[in-house]
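Next come the chains, spelled out residue by residue.
Number of protein chains: 2
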Amino acid sequence: MAEKSQMKQAVVVRVDLKMGKGKLAAQVAHASLSAAEEAMERRPEWYARWKEGGQAKIVVKVQDEEGLQELFRKSRSARLPAALIQDRGLTQLEPGTITCLGIGPGPDEEVDMITGKLKLL
Amino acid sequence: MAEKSQMKQAVVVRVDLKMGKGKLAAQVAHASLSAAEEAMERRPEWYARWKEGGQAKIVVKVQDEEGLQELFRKSRSARLPAALIQDRGLTQLEPGTITCLGIGPGPDEEVDMITGKLKLL
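Residue numbers (the working numbering), protein chains in the order written: chain A, 770 to 890; chain B, 770 to 890.
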């Protein structure tokens, strides 16, 4: 019998905005929670297994918004939970700036199909 | 009639570990989600209002683990959702290292009682 997949979440950050590290961490947390909530609703078994496994999470990078939008479309096509995050613009950035993208939790190999070639932030 | 409080979450990071920014962001996301889950269970109305308000979140800093432990005790005494995060130690840190603390979501003024004097990361 095949072993069950591990679950992971990836958060993709665009690096052209040059956010400060606190701002960046808050945006990543926002993406992580929003994508996780989608998983809770649509794939509760993925969410539960991800939590049991210690909520494995990687943070990777792309160059710009176009990179995020492309990965968002791919995630949707693959039926993975995905959340594109817009900043509220109270500090540092213009309101509505897209900062990052949460993908998953989902099976390791499915998330890797989307983000496996990206470098760690 | 008094206006209803805004809700916020604070994530407190210790700076003595000198984590890389991707590692740091992943730890902050872990703290944010874990504290948010406690709020979902124990104070669902706080959680709902926080989400409606755009999940306001700040990332602040303390020097070391002792600083995190003290704020964790204060948060528990104040009956705020709180989650102390241990790293799994797969990269960069020793397994079990406490990296950060999520507090809330809770009413702004209650969270500020605990973290209001800390500097933004």
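Just so you know, not all the hints are guaranteed correct.
One copy or two, either will do: identical chains are not told apart, so a pair holds if it fits within one copy or between any two.
With a straight-line Cα cutoff of 30 Å, these simulated DSBU-like cross-link-like pairs (lysine-lysine) come out [said to hold, decoys possible]:
no.	residue 1	residue 2
1	K792	K773
2	K886	K773
3	K792	K886
4	K787	K773
5	K886	K843
6	K888	K830
7	K843	K773
8	K792	K888
9	K843	K830
10	K886	K830
11	K787	K843
12	K790	K843
13	K888	K843
14	K792	K820
Simulated from the structure, these hints should not be mistaken for lab results.
Violated constraints from the hint list, given by number and in increasing order: 4
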